[in-house]
Amino acid sequence: MDEIKNLPNFRPNKTPVKKTVKEVIYYVVGIVLSLIFILPILYMLATSTKSESAYAESVGTLSMFLPDFANLGIAFDNYKSVLVNYDIWKYALNSFIYAAIVIVLNILINGLAGYAMAKLTFPGKKLLSFMIIFLIVVPVETSIIPLYSIVKIMLGLKQEMSVIGVILPAAISIFNIFLFMQFFQNIPKEYEEAARMDGANTLDVFFKVIMPLSKPILATVAVFCFIGVWNDYLWPSMILPAADDGSWSLLPIQTALITIKSIEGITTGEIMASLVITSIPIFVTYVAAQKYIVQGFGTSGLKM
Amino acid sequence: MTNTSLIILGLFICAFCGFAVYDLATAKRHKEVYRAKSSITAYLMLLPSVALAFLFILLPILYSLGYAFTDYYLLKPNEIGFVFLDNFAELFKEISEKGMLYNAIINTVTFVVGVVPLQIGLALLLALFVNRPCFGSKIFKVCFFAPVVISLSVTAFLWEQILAPGEGGLLNAMLGMFGVPPHDWLRDPNTAMPCIIVLSAWQGCGYQMLIFLSGLSNIRKDLYEAAALDGANGWHKFWNVTWVGLRSTFVYILITVFIGACRILTQPMLMTGYMSHTVTLSYYMYNLGYTERWVGESSAVALLMTIFIGGVTLIQRRMFREK
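If you're matching them up, the sequences are chains A and B in order. Position 58 (the first sequence) corresponds to 58 in my numbering; numbering is contiguous. Position 202 (the second sequence) corresponds to 1202 in my numbering; numbering is contiguous.
Hint data in this document are derived by calculation from the structure and do not stem from the laboratory. Predicted model only: the values in this text are computed from it and were never measured.
Which residues of chain B face chain A? A partial, calculated answer using Cβ under 8 angstroms:
id	residue
1	F1019
2	E1032
3	S1038
4	T1041
5	Y1043
6	F1056
7	I1057
8	L1059
9	L1074
10	C1143
11	P1147
12	L1152
13	L1158
14	W1202
15	V1295
Label-pair ranges, simulated between beta-carbon atoms:
id	chain 1	residue 1	chain 2	residue 2	range
16	A	A75	B	F1320	49 to 59 angstroms
17	B	V1113	A	F96	37 to 47 angstroms
18	B	P1181	A	I36	19 to 29 angstroms
19	A	V294	B	G1260	17 to 27 angstroms
20	B	G1231	A	V294	30 to 40 angstroms
21	B	L1065	A	T259	32 to 42 angstroms
22	A	V294	B	P1189	39 to 49 angstroms
23	B	A1228	A	A75	49 to 59 angstroms
24	B	T1256	A	K126	26 to 36 angstroms
25	A	N201	B	T1291	49 to 59 angstroms
26	B	P1181	A	A75	27 to 37 angstroms
27	A	I36	B	V1113	17 to 27 angstroms
28	B	R1293	A	N201	44 to 54 angstroms
29	B	G1311	A	L66	47 to 57 angstroms
Just so you know, even glycine gets a beta-carbon here, dropped at the ideal spot from N, CA and C.
Next comes chain B alone, as it looks inside the complex (with noise of 0.2 angstroms):
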C-alpha cells in the first residue's frame, strides 16, 4: 500500500509539473507574469494544504475506486488480489436474493422519499410562518430551530428514550391517554424507518428554515406590490414572486437535503442497530468494510453510491437550472 501511495505521489506531481510548464509556456500568450520568488512563496502557502489533501481526501477516493476491484480483506492487507467484477457480482447476487443489501436500498430509498419531501416541505412552511414581524414569530422561530442544536446523536438516543417499548416510552405514555395500547416502535418493521423519517425531519428541518428565512429577505418587497397591482391573490404571490425568488435556495437545499438523506447512518447505527428492518446503504457498507472487514466488497457499494449520487444530483441541478 505504501508503494502504490508513493506511485499515486509521483503521477500528481508529474501532472503538476505539466500544468505548471504548460502555464508558464503559455504565459506571454495569456499575459501572465510569473514571478520566481511570488510561486515559491505560494507554494509554500499550498503545501501543507495539499499534503494534507492529498493523504486524506484524494487517496481515500481513488484508493476506494481501485479496492472496488480487489478482494482487499482489512487484516491482510499484504494479500489483495485482483478480482475484477466479482464484488459487483456478488452485490447483485445479494440483491436478488433479497439479502441485507437489498433491505438496505429498500429502507435508503424509503427514507430519501419519506424525509426529502416530509423536510424541505416543513422547513418551507415554518419559514413562510414565522416571516413576519412579530414578537411571537422570533418566540416561534427559536423553537422551531432547538431540536437543531441537539446534535443528531443525542436526538437519535433521545428519540430511543421517547420511542421505548411499554409504558416507560414517552410517546406510548401520551397515546396511552387516549387509550391506544403501548406498542414496539422501533422494532416493528412497519413503523421503524416512519419514525426514523420523522424525527430526522423533526431534527433538520430547522437548519434548511433558516436558509430559506434568509432566501425569503432577499425577495424585494416591492415585487409584491407590484404584484398586488396586478391583481394577484395570495396564491399567486406565492408562486410567481415568493417561489421564484426562492428557487436557488430550493435547488442548493434539495441537493444538500437529497446527498445527507443518502448518507442516512447515524439514527439506524445509534437506535436500532444492525436490523434488516433498518439497515441503509451507509451502514451496510460500514458494517461490512469495518465490522466484517472486507474492504473490497464495501468499497464496491461505496462506488455504485457515489455514483448514484453523483447522477441524481446532476440530474437535479438540470431540472431545476435557471432559466
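With the rest of the complex left out, here is chain A (with noise of 0.2 angstroms):
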C-alpha cells in the first residue's frame, strides 16, 4: 500500500463529504442548465392553456411556466380552437401524406441505385461514383431559385400538379444513396449466391434478401425523411398555392403555421397550442427511433 502511496498521481479516495459536495454541484449546475433549456418550452406549454385573459394575468410572474390551475376543465380549448376552426389537423394529414410517400420512393428509388453502385459491375460505374461524391460535397441549397424554376416549367401553372413538385425533389438524396451504397458493401455476398443458386434474379436478391437485411439503415433513412418532410416550410411556400377559398389547402403543417399565426384575432394561447401540435410528431419519433438516430450519426457523417 506504501510504494502505491508514493507513485507521483496516487490520490487516496475521496473522502464521503467531498464527495456528496461534489454531487450536489454537479446536480445544481445540471438543474439550473437543463432550467434554460426547457423553460421556453415549459413557456410554450404552459401558455397553450390559457386563455388569453389568463395569459395577460400571468405575465410577469412564475405563473407564465405553469398551467391555468384555477381552470383546468378549459385546458385544452386552444387545442380543440385550433383543430376545428383553424382546420390544422388537414395541414397535418397533408403533411403525414408527403412524409409516407416521399418515405416509400426514397428508400425505393435511392435503395435500388445504392445496391447497383455497391454490389453490381456496369460499363460507366466510375462516373457515376464520381459524381455521388462531386454532389455530396456541393451545396445544393443554393440552387433553390433555379429548381423552382425548373419544376414551375415542368409541372406548368395547374394548382394540382404542384403537389408533385413538393414529392419528386424529396424523393432524390444523393446523402441517402451514398449510406445505402456503404450499408450494401457491408454485407457479406454469400447471403446472395446462396439466394442465386436458387434461381432468383436481382430484384429477387435485393427486395427478398438484402431489403430485409438492411432494416437498420431502412429505418434511419425514414426517421430522417419523415424529419426532413416534416420540418420543411420553405420549398412548400414557395410551390404551393397559399390556401383561398374554402377548398382543402394542399399546405404542410409547417408552411400553414405561417398562415395561421397571421389569422386575425388569434390568440397567443391558440399559437402556442398550434406550436405544440406541429411538434409532437417529431418529439414521437425521436422517442421512438432514439436508436436509429444515432446510429445515423455512427453511419454516415463520421467516416466523410
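Starting from two chains that each stand alone, build the complex the way the hints lay out.
Spelled out as C-alpha cells, the structure:
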C-alpha cells in the first residue's frame, strides 16, 4: 500500500463529504442548465392551455411556466379551437401523406441505386461514383431558385400538379444513396450467392435478401426523411398555392403555421397550441427511433 | 430553357457513354468482367435515381452557374440575354454603396462568427457534462436535447413570442421582475442578431451534443487509466486523450455547423421579415430571386456564396487533417 501511495499520481479515495458536495454541485449546475433549455418549452406548453385573459394575468409571474390550475376544465379549449376552427388537422394530414410518399419513394429509388453501385459491375460506374462524391460536396440549397423555375416549367401552372413538385425533389437524395451504398457493401456476398443458387434474379435478391437484412439503415433513412419533410416549410411555400377559398388546402403543417399565425383575432394560447401540435409528431419520432438516429450519426457523418 | 435542358441531357449521356466505352476498352487491363445482363439490370435500377438527380440536383446547379451571367427575369423566361459580368459588377456596386447586400454580408458574418463557437462550445461542454453514468445525467441529456425536437420554424415562432416587445414578452416580463425596463429585442439593430445567435445555438446544440457523445463513447477507457498512471491531471487528460479522440468528430461538426450557419434563412425570415439589420445572404438571395424575380443577379449571389462556403470548408478540412 505504501508503495502505491508513493507513486506520483496516487490519490487516496475522496472523503464521502467531499464527494457529496461534488454531487450536489453537479446537480445544481445541471438543473440550472436544464432550466435554460426547458423553460421556453414549458412556457409554450403552459401558455397553450391559457385563455387570453389568463395569459395576460400570468405574464410577469412564475405562473407563466405553469398551466392555468384554476381553469383546468378549459385547458384544451385552445387545442380544440385550432383543430376545429383553423383546420390544423388537415395540414397535419397533408404533411403525413407527403412524408409517407416521400419515405417510400426515397427508400425505393435511392436503395436500388445504392445496391447497383455497391454490388453490381457495369460500364460507366466510375463516372457515377465520381458524381455521387461531387454532388454530396456541392451545397445544393443555393440552387433553390433555378430548381423553382425548372419545376414550375415542368409542371405548368396547374395547381393540382404542384403536389408532385413537393414530393419528387424530396424523393432523391444523393446522401441517402451514399448511405445505402456503404451499408450494402458490408453485407457479405454469401447471402446473395445462396439466393442466386436457388434461381433468384437481381430484383428478387434485392427485395427478398438485401432489404430484410437492411432494416437498421431503412429505419434511419425513413426517420430522417420524415423529419425532413415534416420540418420543411420554405420549398412548399414557394411551390404550393396559398390557401384561399374553402377548398382543401395543399399546404403542409409548417408552411400553414405562417398563415395560421397571422389569422386575425388568434390568441397567444392558440398560437402556442398549434406550435405544440406541430412538435408532437417529431417528439414521438425521436422517442420511438432514438436508436436509429444515433446509428445515423455512426454510419453517416463520422466517416467523411 | 427546355432546349438547353435537352442539350445538357445530351452532353450528359455522351459523357456517360464515353466513360462506359472507356471502361469496356480497359476492362481486360483492370480485370473487370462486364456481363450484359447484369449491366442492363444495373442501368434499370439506376435509371429512376439518375433521372431525378439530373432534373432536381444537377440541372439546378448548372443553371445556377449559367444564370449568374444573364439578366434572367423570372416572368420573362424567353428573353434571357447574356450580360457577362454585369451582375457581379452590380453586386460589388451595392456592397461599396453599403446597400442591402452589404448589410446581408455583415449580418451573415456576425451570425457565423457568433454561432459557430457558441453552439459547438456549448455542445461540447454539455456532452462532457452528461457523459457520466448516473441517473440525473440522463434527465439532463433529455432536457438539453428537447429544443432540437421542436423544429427551427417552431423555435422561431416561439422566440418571437418570448422576445416580443413591451410587457407581454416573456424575456421582458422576466427582466421586469428585476426592474429592467422592457426592450424591443428584435427591432433594435444592436440586439437583433445577438438574440438570433443565442436562440439558434439554444435550438441546435443538443444535436451536436449527441454527436459529441457518440464520439466520446468511442474513446477507449484504458487510455484514461494510462494517462492517470503517467501522472496526468484533469486538464492533461482532456487535452491529450479526450480532445485527440474527438478530433474527427470535431472536424465533422465544425464543417456541418459552419455550412448550416452560412445558410441561415429561417430565423430572420420568420421573426423579423426583410429588414436591413437582420437580412442574411440566403435571405437576400431568396428575396432577389423569388420575391423580386431577378433570377440572374440572385444566381450570381448564389455562385459567390457557394465558392465562399466551399473554400472555407476546404481550408477547415486541411487545417484539421489527421496527422
